[in-house]
Amino acid sequence: MPRDDHGIVEAVRDVLEATKSRHHIPSLSFPNASELLPLPESGRHSTANFLSSWLALTEARAMARRSSAEPPLLKPHAWLFPFFHEELPAAVNFAGLGGEAARRLLPEHKSGAEESTRDREAVLVALSALRMKAPGPATVERLFFVASCLLLCVGSEGSPERTQPARRRCNGAVMPLPAFRHAFKCPRQGRYQTN
Numbered sequence: 116m117p118r119d120d121h122g123i124v125e126a127v128r129d130v131l132e133a134t135k136s137r138h139h140i141p142s143l144s145f146p147n148a149s150e151l152l153p154l155p156e157s158g159r160h161s162t163a164n165f166l167s168s169w170l171a172l173t174e175a176r177a178m179a180r181r182s183s184a185e186p187p188l189l190k191p192h193a194w195l196f197p198f199f200h201e202e203l204p205a206a207v208n209f210a211g212l213g214g215e216a217a218r219r220l221l222p223e224h225k226s227g228a229e230e231s232t233r234d235r236e237a238v239l240v241a242l243s244a245l246r247m248k249a250p251g252p253a254t255v256e257r258l259f260f261v262a263s264c265l266l267l268c269v270g271s272e273g274s275p276e277r278t279q280p281a282r283r284r285c286n287g288a289v290m291p292l293p294a295f296r297h298a299f300k301c302p303r304q305g306r307y308q309t310n
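Numbering (our numbering), first residue to last: 116 to 310.
Keep in mind the hints are simulated off the structure, nothing from the lab.
Since the structure is predicted, the reported quantities are computational estimates derived from the model, not experimental observations.
Glycine included, each C-beta is placed from N, C-alpha and C at the ideal position.
You can trust all of the hints, since none of them are fake.
Restraint-style ranges between C-beta atoms, simulated for each label pair:
| id | residue 1 | residue 2 | range |
| --- | --- | --- | --- |
| 1 | Arg303 | Phe196 | 34 to 44 Å |
| 2 | Lys190 | Arg303 | 32 to 42 Å |
| 3 | Arg257 | His200 | 15 to 25 Å |
| 4 | Pro197 | Ala133 | 17 to 27 Å |
| 5 | Arg283 | Glu132 | 25 to 35 Å |
| 6 | Pro302 | Ala133 | 34 to 44 Å |
Construct the entire structure; sequences and hints are all you get.
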């Protein structure tokens with residue numbers, strides 16, 4: 116990643132660290148409405164009380180989201196498996212959730228050639244964030260790259276924002292990276308096996 120990444124690497128790392136420290140996903144950070152609201156009573160005025168309580172809860176949730184320190188930058192699917200799960204290794208979560216966060220923070224690209232560049236940049240940001248958290252052995256980085264490719268492939272078929280075939284997205288994003296070659300001990304100028 117370039118030296119001047121405008122804080123994207125730290126932002127991705129912070130999203131993952133905040134998520135892991137809470138031990139639950141953000142969509143569950145508010146209790147279920149049925150746990151907070153009184154059960155409707157029978158009678159004429161009970162529906163009005165229930166509705167006003169429900170509206171108050173909705174407004175409280177909206178206020179909490181607006182005042183939250185974390186920006187709402189991720190789509191809801193990013194908080195679900197295979198992008199994130201609290202029991203998965205950090206390398207997999209950084210590849211999934213970290214990669215999605217990086218894609219959201221990086222500038223948009225329109226053409227297919229620039230799309231692979233954006234994917235490569237997102238992988239680099241997520242890998243840099245993982246390395247900042249806890250540098251590990253090459254096996255951690257291998258797991259990171261495998262998870263990154265899996266998620267590039269999963270989201271590409273039929274997605275309007277992704278124009279290249281899955282295999283090309285993965286190969287174009289990770290294979291040119293020196294960190295990939297180092298993790299898998301690939302030759303510098305040799306041909307890679309893509310099957």
